[in-house]
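Engineer: Sequence:
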Amino acid sequence: MSLAWEVNPRDPTPRPSPIPPEVFAAEAVGRETPGPPATPAEKVLPDFLVNLAGSVPLPDNERPLIGVQFLDASPKALTTGAKVHWDFGDGQTSEQPNPDHVYLRPGVYRVRLAVRRGARTVEIANRVGVDEPKLTDPGKWHKLDDYLRVLETYNPRTLDAASLRQLVEAFQTKAELLLAGEEPGRPLSASSDAPLRPRGQTDPGRKAQATRFWTLAVEAGRTAFSAESAATGDEDLIRLARAVGPLARDSLGNAQAAVAIWQGAAAKIRDRPLRAECLVEAADVAINDLADPQAARPLLDEAARMRGGDRLGPGASRFWRVWGDYHAATGNGQAARRAYLDAEAAGPARGNYAERTAWQGAHARSTEAFLKLGEYERAILEIRRWQDEFPGDKIVGLLTLMYARYWAGRQRHAQAIAAADQLAVVNPGSSYLDQAQMLAAECHRAAGSTDKAIAALELFLKSQPGSPLIPEAKRRLAEWKTSATSPKKPGKP
Numbered sequence: 043m044s045l046a047w048e049v050n051p052r053d054p055t056p057r058p059s060p061i062p063p064e065v066f067a068a069e070a071v072g073r074e075t076p077g078p079p080a081t082p083a084e085k086v087l088p089d090f091l092v093n094l095a096g097s098v099p100l101p102d103n104e105r106p107l108i109g110v111q112f113l114d115a116s117p118k119a120l121t122t123g124a125k126v127h128w129d130f131g132d133g134q135t136s137e138q139p140n141p142d143h144v145y146l147r148p149g150v151y152r153v154r155l156a157v158r159r160g161a162r163t164v165e166i167a168n169r170v171g172v173d174e175p176k177l178t179d180p181g182k183w184h185k186l187d188d189y190l191r192v193l194e195t196y197n198p199r200t201l202d203a204a205s206l207r208q209l210v211e212a213f214q215t216k217a218e219l220l221l222a223g224e225e226p227g228r229p230l231s232a233s234s235d236a237p238l239r240p241r242g243q244t245d246p247g248r249k250a251q252a253t254r255f256w257t258l259a260v261e262a263g264r265t266a267f268s269a270e271s272a273a274t275g276d277e278d279l280i281r282l283a284r285a286v287g288p289l290a291r292d293s294l295g296n297a298q299a300a301v302a303i304w305q306g307a308a309a310k311i312r313d314r315p316l317r318a319e320c321l322v323e324a325a326d327v328a329i330n331d332l333a334d335p336q337a338a339r340p341l342l343d344e345a346a347r348m349r350g351g352d353r354l355g356p357g358a359s360r361f362w363r364v365w366g367d368y369h370a371a372t373g374n375g376q377a378a379r380r381a382y383l384d385a386e387a388a389g390p391a392r393g394n395y396a397e398r399t400a401w402q403g404a405h406a407r408s409t410e411a412f413l414k415l416g417e418y419e420r421a422i423l424e425i426r427r428w429q430d431e432f433p434g435d436k437i438v439g440l441l442t443l444m445y446a447r448y449w450a451g452r453q454r455h456a457q458a459i460a461a462a463d464q465l466a467v468v469n470p471g472s473s474y475l476d477q478a479q480m481l482a483a484e485c486h487r488a489a490g491s492t493d494k495a496i497a498a499l500e501l502f503l504k505s506q507p508g509s510p511l512i513p514e515a516k517r518r519l520a521e522w523k524t525s526a527t528s529p530k531k532p533g534k535p
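Letter 319 of the sequence shown, counting from 1, is numbered 361 in my numbering, and no numbers are missing.
Take these hints with a grain of salt, some might be off.
Here are the simulated lysine-lysine pairs, DSSO-like style, with alpha carbons at most 27 Å apart [as the list claims (entries may be wrong)]: (1) 494 to 504; (2) 414 to 516; (3) 185 to 125; (4) 125 to 85; (5) 249 to 414; (6) 494 to 523; (7) 504 to 523; (8) 516 to 494; (9) 516 to 504; (10) 125 to 176.
None of these hints come from the bench; they were simulated from the model.
Using the sequences plus the hints, can you model the full thing?
Structural biologist: So this is what it looks like as structure tokens:
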């Protein structure tokens with residue numbers, strides 16, 4: 043290897059010449075043949091080579107996953123019959139001789155290779171810069187599936203919060219690809235012989251696989267909020283909680299895990315407004331998913347203390363909306379309406395009346411369509427956007443009715459009944475209350491409580507005399523009473 047330059051080039055064709063030694067403040071330039079690494083104490087050390095093999099982007103994420111190949115280049119005399127141990131500098135390790143590793147984000151990592159023979163260990167550590175390689179050959183591009191087998195072996199407790207978020211997004215992306223019915227780079231063929239599944243119906247096998255990856259994502263992400271986790275940093279922790287909490291709540295339907303995640307985040311985060319956000323989210327799950335408003339009260343009180351009386355700052359709209367849900371769930375309609383109006387006032391301006399009406403109608407139509415198709419993950423996302431943008435709509439009633447229908451579709455009858463009860467408390471004159479009460483009666487019967495279902499229908503007939511649903515309610519009431527008094531046939535429950 044030599045160093046060359048071209049001073050004041052006059053021709054387009056490059057004509058570099060060797061740089062003279064005096065430029066380096068030396069009489070001569072010496073060239074040494076490189077050899078294996080060594081120190082005064084150790085004449086023979088391990089050595090390794092690094093190959094940035096490829097990368098995989100994640101949706102809406104500027105930091106890709108990066109695949110790296112490590113090659114043990116140690117002298118055979120050192121490694122023969124010995125055990126090797128790799129520390130990749132990101133909390134993960136390997137005992138394979140030439141491992142493939144996936145870095146969850148670019149950076150500079152201290153990679154250590156240790157060779158142990160008997161009681162003696164010799165090691166070397168190098169700083170390795172890991173960044174996305176520039177590959178132009180499509181045949182060399184990596185796919186997410188190439189990395190998942192490695193990612194599934196990771197110990198999440200040794201990862202920092204930013205890396206955990208990348209791991210969660212990798213698993214979540216795989217789940218979404220499974221539900222979409224196609225892999226990246228493999229669009230569905232119009233000439234495929236496979237029968238098309240009706241829209242809104244997910245293949246059970248793919249849904250089971252997607253659920254497995256959602257579970258991996260939640261189990262990995264929630265470790266950040268345990269005492270023994272290496273994850274720190276308020277900004278990274280809150281981003282991780284915002285990713286994992288909704289996965290546990292809506293994708294897996296695990297409300298207990300969602301509450302634990304948000305409470306764990308509140309315990310580790312130091313910033314008071316961010317802690318308040320976590321407590322409000324935990325309270326929201328307790329009220330609406332667990333139907334346990336009493337468990338939410340101390341969380342909301344602590345969130346209020348963290349906010350320090352701030353009524354209009356960041357997160358204020360959701361704070362007041364969850365307070366409204368609490369009051370509705372505990373039977374205080376006046377306080378609930380006041381809280382919903384405070385939530386509306388604390389939110390951003392949403393245009394004039396025509397624009398607001400258009401957005402409200404769009405939310406309602408989208409939610410209705412998703413519920414009819416059985417696309418409950420999309421339905422609940424639309425409901426959450428709706429109540430964030432227009433919390434005052436919980437007074438009108440259509441939003442709450444859609445929430446109750448969502449719970450009924452998920453076969454979560456207690457939550458659907460609780461949502462209908464909230465509407466009755468907040469607005470007894472709502473034009474949507476009759477539908478909510480009919481739905482609650484159906485949920486009582488579906489849950490096996492025919493007596494409660496009959497009582498709910500009788501209350502409906504008394505409280506909603508002008509409802510167009512009266513004939514249907516009378517028909518069902520007669521049918522349910524008959525089935526409740528009919529003797530059961532032998533051999534049938």
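Engineer: Look at each hint and say if it fits the structure.
Structural biologist: Do the hints match the structure? See the list:
The suggested pairing of residue 494 with residue 504 holds, with an alpha-carbon distance near 15 Å, which does not exceed 27 Å. Distance hint between residue 414 and residue 516 is fulfilled; the C-alpha atoms sit about 25 Å from each other, no more than 27 Å. At most 27 Å may separate the alpha-carbon atoms for a hinted pair to count; residue 185 and residue 125 exceed this at roughly 31 Å. A C-alpha spacing of about 19 Å is found between residue 125 and residue 85, which places the hinted pair at or below 27 Å, so the restraint holds.
Between residue 249 and residue 414 the alpha-carbon distance is near 19 Å, which keeps this suggested pair within the 27 Å criterion. Of the pairs offered as hints, the one joining residue 494 and residue 523 holds, with about 11 Å between alpha carbons and a cut-off of 27 Å not exceeded. Among the hinted pairs, residue 504 with residue 523 is consistent with the structure: their alpha-carbon atoms are about 17 Å apart, no more than 27 Å. Between the alpha carbons of residue 516 and residue 494 the distance comes to roughly 15 Å, so the proposed pair stays at or under 27 Å and holds.
The hinted pair formed by residue 516 and residue 504 meets the criterion: a straight-line CA distance of about 11 Å does not exceed 27 Å. Taken as a hint, the residue 125 and residue 176 pair is broken in the structure, with Cα atoms around 34 Å apart against an allowance of 27 Å.
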